[in-house]
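Going down the list, the sequences are from chains A and B. In this text, residue positions in the first sequence follow this note's numbering: the first is 1, and each later residue adds one. In this text, residue positions in the second sequence follow this note's numbering: the first is 1001, and each later residue adds one.
Since the hints were derived computationally from the structure, they do not count as laboratory data. A portion of the hints provided could be inaccurate.
Below, a list of computed lysine-lysine pairs in the DSS-like style, where the Cα atoms sit at most 30 Å apart [unchecked claim]: (1) Lys135/A <-> Lys1013/B; (2) Lys295/A <-> Lys255/A; (3) Lys206/A <-> Lys294/A; (4) Lys110/A <-> Lys1013/B; (5) Lys26/A <-> Lys206/A; (6) Lys206/A <-> Lys255/A.
Which residues of chain B face chain A? A few of them, derived with a C-beta cut under 8 Å, are [what the hints assert, rightly or not]: (7) Ser1014; (8) Ser1018; (9) Thr1059.
Yeah, the Cβ is synthetic: ideal placement off N, Cα and C, and Gly gets one too.
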Amino acid sequence: MIEVVNLTKRYPGFTAVRDISFEVAKGEIVGFLGPNGAGKSTTMRILSGYLPPTSGTVRIAGFDVFEQSIQARSHIGYLPENTPMYHDMRVHEYLRYRAALKGVESSQIKERVGDVLEMCDLLEKERAIIGTLSKGQRQRVGLADAMVHDPDLLILDEPTIGLDPNQIRQVRELIKNLASRRTVLVSTHILPEVEIMCSRVIVIHKGRIRASDTADNLLKQHRSAGEVRLELDGQPENAREILAAIRGVKDVSEKQLNSGALYQLRTDADSEPISAVLQAARDNHWQVQAIERKKPTLEDVFVDLTQGD
Amino acid sequence: MRTFITLLGREIKSFLHSPIAYVVLFFFLIASGFNFYSGLSFLNQSASEVTVVEAAFNTVLFWFPFVLVFPLITMRTYADEFRMGTIETLATAPVSDWQIVLSKFFGALAFYILLWAPSFLYFIAFKQITGKEAALAAGAYGGSYLLLVLLGAFYVSLGCLASALTNEQINAAIMTFVAIFGFFVTGLLGFILSSPSQAVRDVIAYFSAVEHMADFSRGIIDSRPVIWYLSMTSLVLFINLQVFQYRKWRA
């Protein structure tokens, strides 16, 4: 559905996107992650046909977004960052206008607008003037607009910003439900969302793709995967050396606590050292206060991939 | 074509949704009514060879509000879209940039024509009340209003271009005013320069809205101003398209 090849976007003085390539297959929900200024919005703007790339090509549903822009755009439902819209129009009026603009048949406009109003929980606000809506409501109008022409591909730039937790859940469900028939590329800062919603994650930093994989695989590969924290009473001798000798443990750090010591064991991702650690504790008569196998979160992965150069 | 009609409908509606449109309509109506009145009272003062139509379209009072109205009509066309970011939703819909540029231009032109529509009632009222024709021939009406539309098209295109250059309506308004004033004053140079050569006078004649109006309101429809205004409007709209694309792409 999306094919990006060697895409670069240069502005005078800096390069927003450096030579990135990726593909998104039909039916995928891809999370597009990166810190502010990483090039997410720029990339999405290029995909949506708003900005021309400096070099490289982007094809949407087989159409080049620059050369065959109109055809490509008619396959895309795009929700820009900050959901800009005309504040002087009424919700249903705006959606009808957008539907007509995106080529929905006149006879179907009313039905389509009714459908998206319902999907986005806007039926009560149908006649409201957009300028009077709250940010969350406007966000939902933006989503309704993106879907009104029933596009194959949705490009959503921060769709959950400004929504309350209930609405975030609604939007998440909405996007998941769409996935059966559509492809979705969604950027967000809310990482737990991504884990639940997305079949794949692309992490971009300083204009480069840092990772592109399922959330599960990213978590497995993270360096803190398999980290074990062990808290002992007192300060047993040689504890550090004993722990370091356990199979699969790569290194051990020791930290003094008020009542004892904390050991952090870095291990191979696929090893299961807990039972060996407990065995060592029994053998040496250590008083175990706590033992914990750390699970990396997507946040850890994100921070790791996007810090430094 | 359907896309264009949709866009145009949105442009015209956005005029009718904004309070400033009604303020402009109101003051323009007062100004044009007063202008008509002063044209008539000028004719009443002494014997004169000009018709009512000529008198109405050639006073200083006519030109003053005429030049002022364009910045007000066109200032928000692009500036507001760029400032609000709606340009992004607009330009990512499956519409061509030409359709956007033309719809904005014709939307503003339609509002401008709406401003002038009531003025025709003055001439009808004049005939009803006095039983006399306001002009010697139908061509004088046709010529006057044709030039109003042609001049309007050119000045509206300048206003759209200015609006496409900035995010701020007020900047757009000032640029539009300066540009139109510049063209207008260039046309007046013929009256100001002491003894311009024939070549200079020929060039100035193209810029002189005042002289064009003097001819057209008499029913003398010269093809040169018609072609001049149409080609200048096309040129400005072409530049407008380039500016629009440049700003959109640089964003």
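Hint check results:
no., hint, result
1, Lys135/A <-> Lys1013/B, "holds, 24 Å"
2, Lys295/A <-> Lys255/A, "holds, 20 Å"
3, Lys206/A <-> Lys294/A, "holds, 29 Å"
4, Lys110/A <-> Lys1013/B, "holds, 19 Å"
5, Lys26/A <-> Lys206/A, "holds, 27 Å"
6, Lys206/A <-> Lys255/A, "violated, 35 Å"
7, Ser1014, "holds, 6 Å"
8, Ser1018, "holds, 7 Å"
9, Thr1059, "violated, 36 Å"
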